[in-house]
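Q: The residues making up each chain are set out below.
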Amino acid sequence: MESTAFTLEEATFDASLLPEGSRTPGTVAFHRAVTDYFQKSYASMGGQLSVVFAAGRIEVAWEPAAPEPAGPGAPAMASIGPLLQQRRFDEARPLLETLLQLQPEHPEALYNLGVLASEEGRLEEARLLLRRAVIANAGDTHAQANAEVALGLAALRQEDRSEARQALEAAIELEPRNAFAIRSLGSLLVIAGALAAGIERFRQALAVAPDDLVTTFNLAQALLELDHQEHRDEADRLLLRVIEAQPYGELANKAKDLRGSIASRDLRAEQPDGLRQDAVSYCLQALQLFEGMDQQRFMAVLSEVAAMGQGGLQINEPGTSRRLKTLPGSWSDLALACLIHVGMKRLTPDEDSGLGIGAEYEEAVRLHGTGGTNP
Amino acid sequence: MPAHALLPAVNRLLQQVEETSGLPVAVAQQSDLENLATLRPATPERQAHLIVYRDADEASSYHVAFEAALLLRIVQVPAEQRVNLNEKREAREKVISQVEKLVKGSLSLALARKAGLRFYDGLMVQLRSTGPGLWADRWLFEQVPELRGLQAAVLQSQVQQNVPCLNAEVDKMGPADVVKASRAMNAAYAFQTAELVGIPPLAIPYQAAGFEALARELIAITRAEPTTADPDREIVDGWAEKLGLSRWYVWKTP
Chain A
1047 MESTAFTLEE ATFDASLLPE GSRTPGTVAF HRAVTDYFQK SYASMGGQLS VVFAAGRIEV
1107 AWEPAAPEPA GPGAPAMASI GPLLQQRRFD EARPLLETLL QLQPEHPEAL YNLGVLASEE
1167 GRLEEARLLL RRAVIANAGD THAQANAEVA LGLAALRQED RSEARQALEA AIELEPRNAF
1227 AIRSLGSLLV IAGALAAGIE RFRQALAVAP DDLVTTFNLA QALLELDHQE HRDEADRLLL
1287 RVIEAQPYGE LANKAKDLRG SIASRDLRAE QPDGLRQDAV SYCLQALQLF EGMDQQRFMA
1347 VLSEVAAMGQ GGLQINEPGT SRRLKTLPGS WSDLALACLI HVGMKRLTPD EDSGLGIGAE
1407 YEEAVRLHGT GGTNP
Chain B
300 MPAHALLPAV NRLLQQVEET SGLPVAVAQQ SDLENLATLR PATPERQAHL IVYRDADEAS
360 SYHVAFEAAL LLRIVQVPAE QRVNLNEKRE AREKVISQVE KLVKGSLSLA LARKAGLRFY
420 DGLMVQLRST GPGLWADRWL FEQVPELRGL QAAVLQSQVQ QNVPCLNAEV DKMGPADVVK
480 ASRAMNAAYA FQTAELVGIP PLAIPYQAAG FEALARELIA ITRAEPTTAD PDREIVDGWA
540 EKLGLSRWYV WKTP
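Taken in sequence, the protein lines are chains A and B.
Read left to right, the first sequence gives residues 1047 to 1421 (the working numbering).
Read left to right, the second sequence gives residues 300 to 553 (the working numbering).
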């Protein structure tokens, strides 16, 4: 329990909690009984209790037991560790700094201060601390590998790929199954343009930690970058795995966006030199549908379709067929993509949906304007 | 850096909401959100539920789970029976007038009115959210034990933040019945948290201030078997009755 402090009017204290004969506010017996009540109430928590009576008020303050003095180091880290876990960095930092003053090569203090500095963008300072942490942690393979990884990431953030690579490779040498280190090295290689080598590392990381969704996403992204056509199916499967395992949040959104771009590219690949007539037809159908629709119903349809589209659309899969709550019939993914695009254009004419059907939409608008029918 | 992810238990809960309501749930982070998390159930115009949370930290998993638990109850109320809590003009004006009297001479009439409005609105939000919130906290404690560690940290922190409401200065600023009702609701929150996390001293300030009996009555209301299709409304009405707030609001269809 964290420290707590509050003030009560003596007159509002629940006198029924006190022994008879000591229930009159302002009396010595009352003060003694109230103090006794609070002491008993907080006894199970240890720590320090203060009960002060002033101007008709009771001021109560309770604090947990003070942390062990930093000496051997381990007890101090026992109280700093939870602060770090709870991301209460402002409270943890001064304690770590004090610990480091007392023990200049304290391995955990060096590591944690280095990581904090790195997170806060003080990269030069971070690298100095983490280099010392690597040395101070010699003898503890896991801790040393972690320090190497943190050093690698700090160096990478400062665009020093040479030290980043050296540190990450050292971490993997210490701990060949450190999936985070392997993944980080993969990212570094991808950034450096060594896509095939990066992909190899991502596969290695996934072999160690098959459920790591960040690695799964990174692998998909790198595969698409290396050769979209060749790796399209594998990348799509990987992205779908990310979305299925973690359907909400930032990573899922990134995966959905990437699937959207695959779909968009597929669309163009199908008809590289001209318009996809099926898309023109669906866009025209959507224009006609939305034209006679009031705004409330239009928003209901668009939000349902957009929410469905977030899961990724397989616009080149002729077999896809979905049902909507807001519209009758069954809809292919390409038809849904066209509904989204046309709906988005109605809301924000200057924005593009990113679905890659802008040209088909323009053609549909032209046909619609001339009173044309489906091509 | 790896993207922040919701815990698997929370994703399962969100899927449960989607299956129950037949509509998708979108979860988004918004750094400038005033509250820790908020819920926007689907409307005829927006066919998706939205849960927004503020901080991209581990605790956000609990905040999202909490909103999802509330949403799970809301979507089970038949659409035609769903109602919103709305202000009652007379009650609002009474609070405003009380605050105007309290701060007469120290605040302009316009500011006093604004303060009065804040007291009234704040109390209505607290009345609408705390009782169902207690239900949700306890439900999550029982149904999603994987979240208990996070839950303990979040609830304790909230109890600690509420404690200053007992300070005597608060009595000078707000109408007595508003302050008392608000403290009683905070007391219920503290007593339930003390029970869930197994730290009885969390509720000591409220026990000392004489709120234990009322707090336990309020908690009992949140645990009673519902008798209508809208259990949250039952809780709110039950709490309002105990707190003397029954005539302070009306239920209206959206």
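Certain hints may be false.
The following label-pair restraints were derived from C-beta to C-beta distances [stated by the list, open to error]: (1) B/Asn334 to A/Asp1340: 27 to 35 Å; (2) B/Glu344 to A/Gln1085: 56 to 64 Å; (3) B/Val424 to A/Ala1089: 44 to 52 Å; (4) B/Pro307 to A/Pro1071: 35 to 43 Å; (5) A/Asp1303 to B/Glu399: 28 to 36 Å.
Derived by calculation from the structure, the hints in this document are not laboratory data.
Since the model is a prediction, treat every value here as computed from it, not as a measurement.
All C-beta atoms in this analysis are idealised placements derived from N, C-alpha and C, irrespective of residue type, glycine included.
Q: Hint by hint, say whether it matches the structure.
A: Here is how each hint holds up against the structure:
no. : hint                              : in the structure
1   : B/Asn334 to A/Asp1340: 27 to 35 Å : 33 Å, holds
2   : B/Glu344 to A/Gln1085: 56 to 64 Å : 59 Å, holds
3   : B/Val424 to A/Ala1089: 44 to 52 Å : 37 Å, violated
4   : B/Pro307 to A/Pro1071: 35 to 43 Å : 54 Å, violated
5   : A/Asp1303 to B/Glu399: 28 to 36 Å : 53 Å, violated
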